[in-house]
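*Asks:* Chain by chain, the residues:
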Amino acid sequence: DIQMTQSPSTLSASVGDRVTITCRASLSISDWLAWYQQKPGKAPKLLIYKASSLHFGVPSRFRGSGFGTEFTLTISSLQPDDFATYYCQQYNSYSEYTFGQGTKLEIQ
Amino acid sequence: QVQLQESGPGLVKPSRTLSLTCTVSGGSISDGGGYYWTWFRQHPGKGPEWVGYIYYGGNSYYSPSLKSRLTIFIDTSRNQFSLKLTSVTAADTAIYYCARVESDGYLAYWGQGTLVTVSS
Chain A
1 DIQMTQSPST LSASVGDRVT ITCRASLSIS DWLAWYQQKP GKAPKLLIYK ASSLHFGVPS
61 RFRGSGFGTE FTLTISSLQP DDFATYYCQQ YNSYSEYTFG QGTKLEIQ
Chain B
1 QVQLQESGPG LVKPSRTLSL TCTVSGGSIS DGGGYYWTWF RQHPGKGPEW VGYIYYGGNS
61 YYSPSLKSRL TIFIDTSRNQ FSLKLTSVTA ADTAIYYCAR VESDGYLAYW GQGTLVTVSS
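Read top to bottom, the protein sequences are chains A and B. Last residue of the first sequence: 108 in our numbering, with the numbers rising by one and none dropped. Last residue of the second sequence: 120 in our numbering, with the numbers rising by one and none dropped.
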């Protein structure tokens with residue numbers, strides 16, 4: 001099984017800050033990685049797919065990068081609506097889809 | 001715009017069978033297009049856990065940890081796919097989501113989720 005590890009688990013920041021979340025895969029997954037945003041009581045919302053492709057309608061302040069085993073999600077200038085939990089997900093293999101444990105982005 | 005909606009009992013007794021249905025609207029489940037139809041579940045404070053998926057032609061694949069108790073099937077006439085999980089325990093208490101897997105493997109469309117509690 002491929003394990004996905006995110007860091008940090010919690011991140012405190014202010015509106016306007018630039019923040020970066022890291023996701024590491026236990027095996028190489030090429031660029032088969034997606035990022036999601038989840039708010040309480042809601043389903044995950046796709047932000048980024050194929051490591052760096054911005055999903056339709058997602059603001060350009062969200063940027064994904066990485067390849068192989070290390071990936072990052074950067075939010076360039078935090079907006080009030082961005083405070084949520086973020087998950088990475090690998091889809092390297094059609095036999096499993098694995099999410100990270102999440103990074104909670106809190107208002108400082 | 002594709003929309004998915006889960007339905008089913010919110011409370012299931014231990015050792016019984018958990019049954020959920022996902023109704024798809026805004027597109028046909030049998031359009032093909034390389035899409036898979038999938039179930040995830042999420043325990044409090046955890047990331048989503050993949051349960052299994054099915055293709056419109058009927059091919060399915062299940063999480064190894066659930067495989068012995070799980071069946072996912074598809075009803076193209078109703079534009080629905082369903083999950084049955086037998087012999088449930090408290091560990092199966094979670095929010096269950098249905099979603100569409102794009103041909104690349106990411107998940108662009110999700111249902112709103114439904115909480116299933118296993119309790120007597």
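Hints are computed from structural coordinates only; laboratory data are not their basis. Just so you know, even glycine gets a beta-carbon here, dropped at the ideal spot from N, CA and C. Any given hint might turn out to be false.
[Stated by the list, open to error] Derived lysine-lysine pairs resembling DSSO-like cross-links, with alpha carbons at most 27 Å apart: (1) Lys50(A) x Lys104(A); (2) Lys13(B) x Lys45(A); (3) Lys42(A) x Lys104(A); (4) Lys84(B) x Lys45(A); (5) Lys46(B) x Lys13(B); (6) Lys104(A) x Lys13(B); (7) Lys45(A) x Lys46(B).
[Claimed, not checked] Selected chain B positions facing chain A (Cβ under 10 Å, derived; list incomplete): (8) Gly8; (9) Pro9; (10) Gly45.
*Asks:* Evaluate each hint against the coordinates.
*Replies:* We went through each hint and held it up to the structure:
no.	hint	verdict
1	Lys50(A) x Lys104(A)	holds (22 Å)
2	Lys13(B) x Lys45(A)	violated (31 Å)
3	Lys42(A) x Lys104(A)	holds (15 Å)
4	Lys84(B) x Lys45(A)	holds (26 Å)
5	Lys46(B) x Lys13(B)	holds (23 Å)
6	Lys104(A) x Lys13(B)	violated (33 Å)
7	Lys45(A) x Lys46(B)	holds (16 Å)
8	Gly8	violated (16 Å)
9	Pro9	violated (20 Å)
10	Gly45	holds (8 Å)
Hints 2, 6, 8 and 9 from the list above are not met by this structure, while the remaining hints are.
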